[in-house]
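Novice: Our numbering applies: residue 1 is where the sequence shown begins, and numbers increase by one.
FYI, nobody ran anything at the bench for these hints, they're computed from the structure. Predicted model only: the values in this text are computed from it and were never measured. The beta carbon of each residue, even a glycine, is placed where N, CA and C say it ideally should be. Hints are supplied without guarantee of correctness; some may be wrong.
Each pair of labels, with its calculated beta carbon distance range [to be verified]:
#: 1; residue 1: Ala-90; residue 2: His-125; range: 29 to 37 Å
#: 2; residue 1: Cys-177; residue 2: Arg-123; range: 17 to 25 Å
#: 3; residue 1: Leu-14; residue 2: Asp-107; range: 45 to 53 Å
#: 4; residue 1: Asp-170; residue 2: Leu-14; range: 29 to 37 Å
#: 5; residue 1: Ala-23; residue 2: Phe-140; range: 45 to 53 Å
#: 6; residue 1: Trp-33; residue 2: Arg-123; range: 23 to 31 Å
#: 7; residue 1: Leu-121; residue 2: Arg-3; range: 56 to 64 Å
#: 8; residue 1: Leu-16; residue 2: Ala-90; range: 15 to 23 Å
#: 9; residue 1: Phe-32; residue 2: Phe-8; range: 19 to 27 Å
#: 10; residue 1: Asp-170; residue 2: His-125; range: 16 to 24 Å
#: 11; residue 1: Ile-5; residue 2: Arg-122; range: 31 to 39 Å
#: 12; residue 1: Arg-3; residue 2: Gln-133; range: 41 to 49 Å
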Amino acid sequence: MQRRIVFFVLFTWLTLCGAACFALTAADDTQFWLAWPLMSALPFLLRPLGRAERLLRPGLTLVSRRRGRAWVHLAPWQPTVGLEAWQVSAFWQAISVSTCAALRHNDTVIVSSHLLTMARLRRLHGELTDSGQPFQCRVFSVPFTPSARTVMQMEILFRQWRWRSAFRDDWAVMVICRK
1 MQRRIVFFVL
11 FTWLTLCGAA
21 CFALTAADDT
31 QFWLAWPLMS
41 ALPFLLRPLG
51 RAERLLRPGL
61 TLVSRRRGRA
71 WVHLAPWQPT
81 VGLEAWQVSA
91 FWQAISVSTC
101 AALRHNDTVI
111 VSSHLLTMAR
121 LRRLHGELTD
131 SGQPFQCRVF
141 SVPFTPSART
151 VMQMEILFRQ
161 WRWRSAFRDD
171 WAVMVICRK
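Just need the whole structure built from these sequences, with the hints factored in.
Specialist: Below is the structure:
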């Protein structure tokens, strides 16, 4: 099902690009056949743009704040595949540091990622306990819906230029409240 949705989105994108190029080039064949592939390939520029963004924003995490809550995520411009052990450790250390910092300034911190596992949640819980801040936490399991899988697949396709078909059925969300 997910593969069909992705191909439908790509087909729709190619059709819309073709229609826009047809309108912009006034049906001139040479200009159309030059503009259409260029416009169609724009989403695949997310990978080089991601590399440039990593140079400008080297942080491994992203903390967004809304309504007194902080959401901690892995930075979407950072690669998460083909990493060495020290790089994976640096990612999760950055999550721990960002979560502790967010908990100092917010009453509620939400950590969510499709990459969170129970072992990583236990590690995060241990590091929060070691930080000395009083807190309560609860872990939820959120279903990974077909639409979320499709969005994730499209992001992986455009940002990392690879196809990933194996996703978990659910992902973990940790809600941390300061006492």
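Novice: Hints the structure violates: just list their numbers, smallest first.
Specialist: Hints 1, 6, 7, 8 contradicted; others consistent.
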